[in-house]
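Assemble chains B, C and D onto chain A, guided by the hints.
Protein chains in written order, with the working numbering: chain A, 25 to 377; chain B, 25 to 377; chain C, 25 to 377; chain D, 25 to 377.
It is worth saying that the hints were derived from the structure and are not from the lab. Certain hints may be false.
Same chains, same names: a pair is fine if it fits in one copy or spans any two.
[What the hints assert, rightly or not] Below 20 Å or equal to it, Euclidean Cα-Cα: the simulated EDC-like pairs (lysine to aspartate or glutamate) are: (1) K280 to D227; (2) K84 to D70; (3) K110 to E90; (4) K325 to D227; (5) K332 to E136; (6) K112 to E90; (7) K325 to E284; (8) K214 to E224; (9) K332 to D113; (10) K325 to E225; (11) K214 to D78; (12) K332 to E97; (13) K223 to E284; (14) K280 to D120; (15) K112 to D70; (16) K123 to E97; (17) K196 to D70; (18) K280 to E185; (19) K190 to D113.
All values reported here derive from a predicted model rather than from experimental measurement.
Number of protein chains: 4
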Amino acid sequence: MPANTFGEIFRLTTFGESHGPSIGGIIDGMPAGIEIDMSFIQGQLDRRKPGQSDITSPRKESDTVEILSGVFEGRSTGTPIGFIIKNKDQQSGDYDHLKDVYRPGHADFTYEAKYGTRDHRGSGRASARETACRVVGGAFAQLLLRKVNVQVTGYVSAVHEIQIPKNVALNKSLIEQSIVRCPDPSTSEKMIALIHQMKEEGDSVGGVVTCICENVPAGWGEPVFDKLNAKLAQAMLSINAVKGFEVGDGFGATRKQGSEHNDAILDGQYTNHDGGIQGGISNGRPILFNVGFKPVSTISKPQQTLNKSGEEITLEAKGRHDPCVVPRAVPIVEAMASLVLADAMLLQQSKKI
Amino acid sequence: MPANTFGEIFRLTTFGESHGPSIGGIIDGMPAGIEIDMSFIQGQLDRRKPGQSDITSPRKESDTVEILSGVFEGRSTGTPIGFIIKNKDQQSGDYDHLKDVYRPGHADFTYEAKYGTRDHRGSGRASARETACRVVGGAFAQLLLRKVNVQVTGYVSAVHEIQIPKNVALNKSLIEQSIVRCPDPSTSEKMIALIHQMKEEGDSVGGVVTCICENVPAGWGEPVFDKLNAKLAQAMLSINAVKGFEVGDGFGATRKQGSEHNDAILDGQYTNHDGGIQGGISNGRPILFNVGFKPVSTISKPQQTLNKSGEEITLEAKGRHDPCVVPRAVPIVEAMASLVLADAMLLQQSKKI
Amino acid sequence: MPANTFGEIFRLTTFGESHGPSIGGIIDGMPAGIEIDMSFIQGQLDRRKPGQSDITSPRKESDTVEILSGVFEGRSTGTPIGFIIKNKDQQSGDYDHLKDVYRPGHADFTYEAKYGTRDHRGSGRASARETACRVVGGAFAQLLLRKVNVQVTGYVSAVHEIQIPKNVALNKSLIEQSIVRCPDPSTSEKMIALIHQMKEEGDSVGGVVTCICENVPAGWGEPVFDKLNAKLAQAMLSINAVKGFEVGDGFGATRKQGSEHNDAILDGQYTNHDGGIQGGISNGRPILFNVGFKPVSTISKPQQTLNKSGEEITLEAKGRHDPCVVPRAVPIVEAMASLVLADAMLLQQSKKI
Amino acid sequence: MPANTFGEIFRLTTFGESHGPSIGGIIDGMPAGIEIDMSFIQGQLDRRKPGQSDITSPRKESDTVEILSGVFEGRSTGTPIGFIIKNKDQQSGDYDHLKDVYRPGHADFTYEAKYGTRDHRGSGRASARETACRVVGGAFAQLLLRKVNVQVTGYVSAVHEIQIPKNVALNKSLIEQSIVRCPDPSTSEKMIALIHQMKEEGDSVGGVVTCICENVPAGWGEPVFDKLNAKLAQAMLSINAVKGFEVGDGFGATRKQGSEHNDAILDGQYTNHDGGIQGGISNGRPILFNVGFKPVSTISKPQQTLNKSGEEITLEAKGRHDPCVVPRAVPIVEAMASLVLADAMLLQQSKKI
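Just chain A, same shape as in the assembly (with noise of 0.2 Å):
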């Protein structure tokens, strides 16, 4: 029902378009007296901006958040936290030619199917500038796993057909040094000049993110409905433009015998096939999945489509996008995960009579 909040205990509720005067939302949940490190949440956000490089949509957006409420003396209350993000950039001149057309790709038809009219300018509410306020919202859930000790960690793992190879180890420390989030140098390169290829084409490209989240204890998530693989998949596909998730060996594992999959339970040595979950429950190994991104939809090569007169017109888009999405997807994918995990841990707490 609650179409535009998730979670249960810790729980994220948010608002607002691309055009408006703001977007925000409500973190309700948050338990009292953790320390909120605001340059953190900002540093979260500044991951995610636009312009942070020469990959990404030119929009510029400082996306400063503002805290309204739940917070006392540098510590959360218990009470709801409210917050802000005021939109400033916006060059809503830039979609008039979109206000009676429909966009291959886009929601725009599929929003006036369902509402019988929608705010044209930036996408409106179908806009990813919404994913703002999810990055914020896990920046709130982060700060709580920290407790525990839970590290949530993205990366750019493909772009198009450009992969990590197999046997190169994950260095986190290189993440963030590369502008594609490609935490391995020699494909981060080639990634990079794919999409500055796509970028003079006017086209775009699909990638994929990686996500492993540590020291998460095992017992964590609720069996059959709401399995913690089950909420993070429903987390992911929530996400602008993503078309396709797996947990573990994922979709390897349906060509796989039960005899090579099987995770061996030992003592010192294990396998991770399942990626960390079992029957829905974390089982203190790394969970690990990957989320697929189709390629962003806004592209300035001219396309063929209807407007709202059933006319065949040819489009040629003008506002400002991203060639790739995957760079700026990376802290949005650890924000979800980081709200399923914060909210599987404050309910697994409430279990323990």
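Then chains B, C and D, alone, in the frame of chain A:
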């Protein structure tokens, strides 16, 4: 929170362990006045039940559903529909040797980590037997969806490396003629042969179920956190042994450019790379998704694992099991998809002022 | 949404009509490892069942609860607890004459307005028989609350104009010695005499149940919309025939000045005008509230009403009924209060980092 | 769970403390296309704001609402409506002396018991200032309810012992002509005189708000746990200082016999002892209920209480406060009732196949 509840307006809550007296559930939110076709509901259960062919578990269960409330003179009354399915062929003794053992790939260890205890007989609540209740709930959802002509159809598109070739068109009438529920006869034969081989070897194998939802009107699904694809992802990942979900071109989309992936919105003809959902809302085209299942964890081959005392032991499973879960998973995938769609239908209906 | 579900973390969902094969429910969220005292649970049902004394309905129901899941070797497992209570003494024929009649004070007309249909036998889902499932759920909640020594005690404080005098101290041991569940023997006698008179006259009479919850620690309950008193109010008004709820001094407080009503916070001694809850959160003092029940709508005296064709007719009820509902309502009030408190307990536990 | 969220399909979430930069909220589920009458919304806030007459708190707040999203070209878009109300006349210094004191009748002690901390300035989240956001949410709900002509009207029916005489018919046009919002001029005068006296004495006094909801169609409200009266009860008890709720004859019904209380269902004329709701579902007659408020806890008279060190001290409050809360509570009661009804309206709409 409601770990054993799925859906908001159309809502299924289930209970039951593999080796208790019965499993069952409550369907809440079924509108009044819908004709209840009991033979359809039982027929869906029959498609899921064990022992239906020589490639499924030999456990003998009639899986007869008994409706306890909410239906009067052949029609739904709008009140909750309680139902039970009695467990019959329980061979609990088969599981005595597992009391103190954590089986690889299973939820034995995680349930115990979560709850401090578990019913070890037949995997208890973690048993796939629980999914029979989903099939009942989904069948009621389908009775509702029929009213608007929505059709949900699943089939097996891959077993291990064996896939339906790309150029084969879907012939829905062939699905149920194949015991593996693959509509391409020559692929079906190969799949069945491989499953027989696994059975002989005491091993198991994974696979993929593909699902198509036809005639879903444009406008279903909630944007942002409850996108239609996000709820489908949660629904699918909540099924035992599922490790991946993708909608439309899915992970294939990550290797595409926007100019080739963007679905044209044109009269008469269209592409459907997005799989019928844009911005989280249905666009009127068929909804298409894939669900990846890992190989069944229970195998007869000897495996190394730990017991509760932390000693390494060799496990040779004795319980009855399926060498490949996908043939029986088809009605489960359909059921979960139907639950998602019925909920979306009722919610969308609430909004039209 | 979940009209047949109550609670968030500790959650009861029920089903069943008065004249179906059985009623039942699912308790979700019971922590694992709690000893399940079946005789206590059945004992609570016995306090609610009809035919327990000559002032209650003569319908004969053993009201035997059968647990179908979630309990293993005498303890809760953390998985959902399914249960049923079979209907036995159904005299559905008694209700044939009511098929086309809207009984005054009943839900016949409103169910039909809502659903376009109704199961007219014994009030269907609107029957107070539904509350038996609440008593089961509440009994499980009490088993949980016992762990922290919380005690929930209800009793009849008024029947019609007959009230326990203000100066009589509560002696809990006398409650169950009175068939009307009034702990003051002389008041109890007068109540019983009045109820006998009503029975003879074919009429009915209202009354008040008072409830005291002891040893609730300070800090339970959520401020703002889910205040502990607000959830108790919903819980109580959800019981059939309840028309009023007040906590602490209740409506009496509306006729007071702040200087006399404000509870002193002093060591050793205190007043409790607020009834143990301030700002929606328990303060450690006993929680006190009153629940007002209207007279049972079913009476044998002839009444004028309408039938479905809109004709005015004279109705003479034949079904079996209680001349006064409050004696049997005591365990129902206790059950609903226990469900609210168990949920509050688990939620508060989730917050302690 | 969602302690700061109210409603299922039509849903309000709020945040904000009395002395932060602003309070605000998010309205989710407003159907698209509804004309948003900003002057109506601001007008409802004006009825609640302090300083509106000499019998209310002198805190000066313009209480100007700013809409941040969800409204486009004067109409709702179906997306969440974010709003804020800036706090202006904060005199936080007034509260320094309360930092270590638990005020009698207040939530100071309980918040600290729950959260281990509290924002002591102006009662923080426990301040009635929070209800301004409810008024905004309720005003949007009323804009929706107008579409089906539902009218929600509250008024003050009692202050301390002063009640509107039974034989006085309700003249709705007189309500807003009285600063105490009592539609009977002679009773209104007496109430105002008493409140002035309380103000002089530094004391406070309780009272009753009565509410009537007209033109609610038959069939709204869910039976069993979410009965329309049960949701109204939760809604009302969730308002600060409310201690009692009764629907129809309420506690008066406990002193009646069935033969006098049962509402006749007759053409043309009817009684309405049940207050428009039967079996939890509206019956088409006016919905009538009373809400009892305790005297405001903040008084200027010296009171004995404890500080954090457990020492007994004498407290003399300095903050600004209302000697009687009911005049300003009228729009809050209306708002909460409207939220309940809007939710019931949308939910009922979802069920008509």
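Check your understanding: Quick one: K332 to E136, C-alpha cut-off 20 Å, is that within a copy, between copies, both, or neither?
Key -> within (10 Å within a copy, 43 Å between copies)
Review point. From the Cα coordinates, with 20 Å as the cut-off, is the pair K214 and E224 best called within, between, both, or neither?
Key: within (16 Å within a copy, 47 Å between copies)
Review point. Should K332 paired with D113 be assigned to within, between, both, or neither, using CA atoms and 20 Å as the limit?
Key: neither (28 Å within a copy, 50 Å between copies)
Practice item. Tell me, please, which holds for K190 and D113 at an alpha-carbon limit of 20 Å: within, between, both or neither? Key: Neither: 41 Å inside a chain and 46 Å across chains, both beyond 20 Å.
Review point. Given a CA cutoff of 20 Å, do K332 and E97 count as a within-copy pair, a between-copy pair, both, or neither?
Key: between (53 Å within a copy, 19 Å between copies)
**Study point:** Within, between, both or neither, where K84 and D70 count as close if Cα-Cα is 20 Å or less
**Key:** Within one copy only: 12 Å inside, 38 Å across.
Review point. For K280 vs D227, is the C-alpha pair at or below 20 Å within one copy, between two copies, both, or neither?
Key: between (37 Å within a copy, 10 Å between copies)
Review point. When no copy is specified for K112 and D70, does a C-alpha distance of 20 Å or less occur within a copy, between copies, both, or neither?
Key: within (15 Å within a copy, 31 Å between copies)
Check your understanding: Given a CA cutoff of 20 Å, do K214 and D78 count as a within-copy pair, a between-copy pair, both, or neither?
Key -> Within. Shortest intra-copy distance 15 Å satisfies the 20 Å Cα cut-off; inter-copy 51 Å does not.
Check your understanding: Should K123 paired with E97 be assigned to within, between, both, or neither, using CA atoms and 20 Å as the limit?
Key -> between (47 Å within a copy, 13 Å between copies)
Check your understanding: Is it within, between, both, or neither for K280 and D120, if the alpha carbons may be no more than 20 Å apart?
Key -> Neither: 52 Å inside a copy, 29 Å across copies.
Check your understanding: At most 20 Å between C-alpha atoms: does K196 with D70 qualify within a copy, between copies, both, or neither?
Key -> within (19 Å within a copy, 50 Å between copies)
When held up to the earlier numbered hints, the structure conflicts with 9, 14 and 19 and fits the remainder.
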